[in-house]
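S.K.: Chain A is already provided as a structure; the job is to place chains B and C on it using the hints.
Protein chains in written order, with numbering that gives the first Met the number 0: chain A, 0 to 328; chain B, 0 to 259; chain C, 0 to 708.
It should be emphasised that the hints constitute simulated quantities derived from the structure, not laboratory data.
Treat the hints with care, since some could be wrong.
Derived BS3-like pairs (lysine-lysine); straight-line CA-CA distance at most 27 Å [as the list claims (entries may be wrong)]:
1. A:K38 to B:K157
2. C:K562 to C:K142
3. C:K49 to A:K38
4. C:K706 to A:K290
5. C:K551 to C:K216
6. C:K372 to C:K383
7. A:K303 to B:K157
8. C:K74 to C:K49
9. C:K6 to C:K225
10. C:K603 to C:K225
11. A:K25 to C:K543
12. A:K38 to C:K54
13. C:K381 to C:K142
14. A:K223 to A:K290
15. A:K1 to C:K54
16. C:K383 to C:K562
17. A:K1 to B:K157
18. C:K49 to A:K1
19. C:K518 to C:K543
20. C:K166 to C:K150
21. A:K303 to C:K706
22. C:K518 to C:K551
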Amino acid sequence: MKPFVYSRATEAAAAVRQVSNERSAKFIAGGTNLLDLMKSGVELPDRLVDIARLPLAEITALPQGGVRIGAMARNSTAANHPLVRERYPVLTQAFLAGATGQIRNMASVGGNLMQRTRCPYFYDPAMRCNKREPGSGCSAVEGFNRIHAVLGASEQCIAVHPSDMCVALAALDAVVRVQGPEGEREIPFDDFHRLPGDTPQQDTNLRHGELITAVDLPALPFAKRSHYLKVRDRASYEFALVSVAAVLDVSGGRVRDARVALGGVAHKPWRAREAEKILTGARANEETYRKAAEAALSGARAYKHNTFKIELAKRAIVRALSTAGGSGA
Amino acid sequence: MEDDIRDADQELDERRSQGNVSLDGGEAEDSSPTKEVSRRDFLARTTLTGAGLTIASLLPAHLAAAASLPDGMPAEANAALSEFIKEGAVKVSLRINGARHALSVEPRVTLLDAMRERLDITGPKKGCDHGQCGACTVLVDGQRALSCLSLAVMQDGKEITTVEGIALGDELHPVQAAFIEQDAFQCGYCTSGQICSAIGMLREVAEGTASHVTPDVAAPPTLATLSDAEIRERMSGNLCRCSAYPNIVAAVREAKGQRV
Amino acid sequence: MSNEIGKPLSRLDGRPKVTGAARYTADTPIEGLTYAVFATSTIPHGRVTKLDVSKAEVAPGVLKVLTHLNTPKLKPIQHPPAGQSLMPLQDDRILYEGQPVALVVADTWERARHAADLVRVEYARAPFLMDFTEHLDKAVTVKGFFEPDSKTGDFDRAFNSAPVKLKQNYHLADRHHNAMEPHATIAAWRRGKLDMYDTVQGVFVARTVIAQALGRKPADVRVRSKYLGGGYGCKGFVWPHQILAAVAAREVRRPVKLVLTRAQDYTSHGYQAATEQTVTLAAGRDGQLVALRHESVAPGSMSDDYVEYGAIASRTMYACPALETRHRIVRVNRGPGTPMRAPQEGPSMFGLECAMDELAVVLKMDPVELRLKNYAERDPTKGKPFSSKKLRECYSEGAQRFGWERRNPKPGSMREGHDLIGWGMASALMETYRFPATARVTLERGGTVLIESGTQEIGTGVYTIMPQIAADVLGVAPERVRLVLGDTTLPGAGMTAGSSTTMGVGSAVHDAATKLKQKLTEMAGGPIAPDAYADLLKRRRLEKLSAEGLWKPDGEAGTGESKEWTMYTFGAVFVEVRVDESLRVPRLARCVGVYSAGRIINPKTARSQMTGGMIWGLGQALLEHTELELNYGRYVAKDLANYLVPVNADVPDLEAYFVDEVDEHASPIGAKGIGELGAVGVSAAIANAVYHATGVRVRDLPITVEKLL
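Chain A on its own, in the form it takes in the complex (with noise of 0.2 Å):
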């Protein structure tokens, strides 16, 4: 690890300043990537700003009947937080289907926003990678992809976001808070990632020296009828080949709602629209379930190593929104 300069805030506004004025300053929470990453040669921070002690943990119900964590409450907290295991299941399920018991004390809500791919590409300078240095090339297009993308890949990166997390927070419509040097502002979740296109080393639309405050989920009452489903070849602490959050409206057996994110396809936690429509005002039975993962795997596009994601995609999908569709299905 390169050598950098340590610096610990206590105010927002102090680390916000601190980071927007340097160029290689970053912050740092939980750690749990950053440090694998400069441990790696990948991220090479000049400074860190510890903002793990800001008062910024706090996870509270909003009025409108959503709920606010703040983005230094641990993924451990997040996940047990009566509101957030009584009102969005699948957000707890996603939490605990990721990493380990350790890691996810450790871990932040705002950090697992800015988890960085796991592309083995990615990870080692030794090789050409276009998300760690622009222009360099992809390996992982002509290489071994097996855990690459099959959704929104450009042919400049073809890597996948790793969090489970964010499957969830798609799925729910999730706003990511923000402050920055001139204010705050607030994301819709589908706009905070991005997809590689010619900017690959440009995992988010937050600009350098915001520091994310809180995520707000709004209020979803079915979001109780839902499930997230994670398959991996590992049974415990490995990254989805694949992955679904489902939450199902479901009403004489016909879906009256639904939402459908999926994991480990794509550049960013991919959002199933093309799957919703179909299910909205269907038939709750898996023949509809299959034609929404035809659907939201319709545009979808393999490598030499992971065709395999396509099909196993799909019936994830279904196994999902079977489970969450429960005896409503």
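M.R.: Chains B and C in isolation, oriented as in the chain A frame:
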């Protein structure tokens, strides 16, 4: 190769007297390079002469003062940021197993390396250094955490417990005793992490947390109802290549009724 | 004898291991320590054309940067017992990615690591070979540990006239040991002598090779290893970094600690080479084998001739009149392979036991019945009888405990909820490698007993088992006996490898304890009660009384063969797998293994060995694979996030049993080896169970979701 070798001790002494050997940590007074030092000696040297003096002397006086971080950080009450010195060492006060350790380390030093290489607390092990194995697991304020992905400088004021701090004197913690009884280890390298993890995990269960295998996350298991499947999932952050997993599950099962 | 042998004693090194007091190599506190870190080659083949160490040399805390331009010339070393003869930092040649190109020594680990990143290297690239399966035409025959080929009977004639024939290819993946403890070496020179703490499975072997490379006498080198954080073969042979650590310590004239990073652990020592196996079987309609040919090709290295013998089990496993095996390697730009739990029989039993399962399907015969039909009463290749073999009992007890008779042979016929259930079985086989060993047993004042032997504790329970053996002879409590090991100043012992330690060192301890007891008896003028030992010493004004013990196997050392007998251990493994009907991810649901492995000294630690081995089989079957990057000529990833070893959640209930057996031909204490046996057969049983669950025959490990969709 033989001809260019002089006695290592002699050579070292010469270079020391020329002042061109920089030492981080305790300057060895005993010239025998291979002498194993007792833990007590090692600690005494590191804390009294080593880190404090050597590193502090590298800093200009006014910066050394600014760089110090006393327990509880009263110095920061008025400042939103505390500034440290690039590429230099910062002073950190770590509370580990009930004892305070003052040391100076570069900000890039992890809690794991601070403990292992500077404080001779070698129970926590380095298996991967990237948060992929769990061998470095310790308890931070009672919660299990990975010391390889923690910067030492970020830990001041926190209560850190390693496997060395778990037994009550000669009396083993029930998790430790159960690990022996159930043969929950073979080579023992992952064991300190497994034990810290198990203790932290049982506390998480007692606090009513759910896991990935909990059927209804709103109804998490209690210590009494904790199933083997729950133990397996919750202990999956600790790799054991000898693969003592079934016995680790048995040990946690045995210990869970006794004390958390 | 006081019947300590056979008791399920808890580990005597339990307390140090659960309290953090056990010091592994990198935990050793040494004054004035410096830290060494490698910079490694990013290309698989070529030459170093330019090295810029200027930034590294002036980086804070850096004491030395060694490259091939300034590293002292070392004496040549040979494989074996060196892992490879190629010594990095001796010239500009690069033969594999990850080969060290510089070694940086600094005052802290962080500074050394960072300075290693500052070393700039330019290369002249040369064409490279990576994937041996694309170059099977370049296969060559080399002589490794065993004869490459074997031939019994007339294969062609038997094959051509047989009514039932089967020929299949099987592929096993490249795997890495991934011991939780990375390789670590602490080297310090003192008055011209080298003192090393090293993560080695053989202190004496390490001493021999290190002394040879440095041009020293073995007596000038001391190697210690008190606790080993797993090895599974990767710490057996001696690897270049150990020697280079010693060189670095001489150069900086300070003790040097070199701990490989996890990534460097993938390229600084050997791995279990993949094998491409072809099994050709011919049988009568009754299932009787008439011809068996097993061929294996594995990747080899450019520098050395290590061979993974992926067909060797077929030489021994089944009675068959026409039997051929063949082993080849294809040289690739990777470091050499090395033994990994379980070598040789481990990979070869996958091909053979899957093929037998396929034959059972063709014959519509129960897989256990087919194996009993071809039960070998003597070794079909060597012609000798087995020193002990109770495999029939293993099959029947295993089947009964598992509930095998309830199996519906039709694939896909058993299910529960979303799960397709598959039941499969396989045999296990492992050669009983035997190595000589010595030990000293000493009665100390106060009646405690000290055992000294230069063996190693790798997790197999040596600190417990040896005291049990001595206690058994001397009639004292095992808790009164302690073992000092892992030091070349102790009586010599071999590598902790080939599952040989309990048998070899245990026999030497038994011999020493027996001699000590004789001395005591003579001294007392007749039989003496253990509680009178201390008094006897006191009366004779002796501080202590020692006896030296030795065990040397009859026959060729390092093999399981004596003049009269051939020695193997056996087992039968039964597994249940579950495959989700839709998502198709295979999971192990239970496993029952019953083993015929000689006398069991400590059933508690032995059971742990076997279940641990089963989990290795699970990893081999479903998870483990070191993926090659064919464009760069390297591994795709070198970490524990991409290389999947089983985690706790992967592991179901496992049952391991031993049939009652004492093999006095194998060793005087009746024991054989068990450490590797548990890892044999499991992957085949799992693949066979996956077929039974899904009807899909996967002949290519690991069995991952895409192969079942």
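S.K.: Of the numbered hints stated previously, which ones are contradicted by the structure, given in increasing order?
M.R.: The structure breaks hints 7, 11; every other hint is satisfied.
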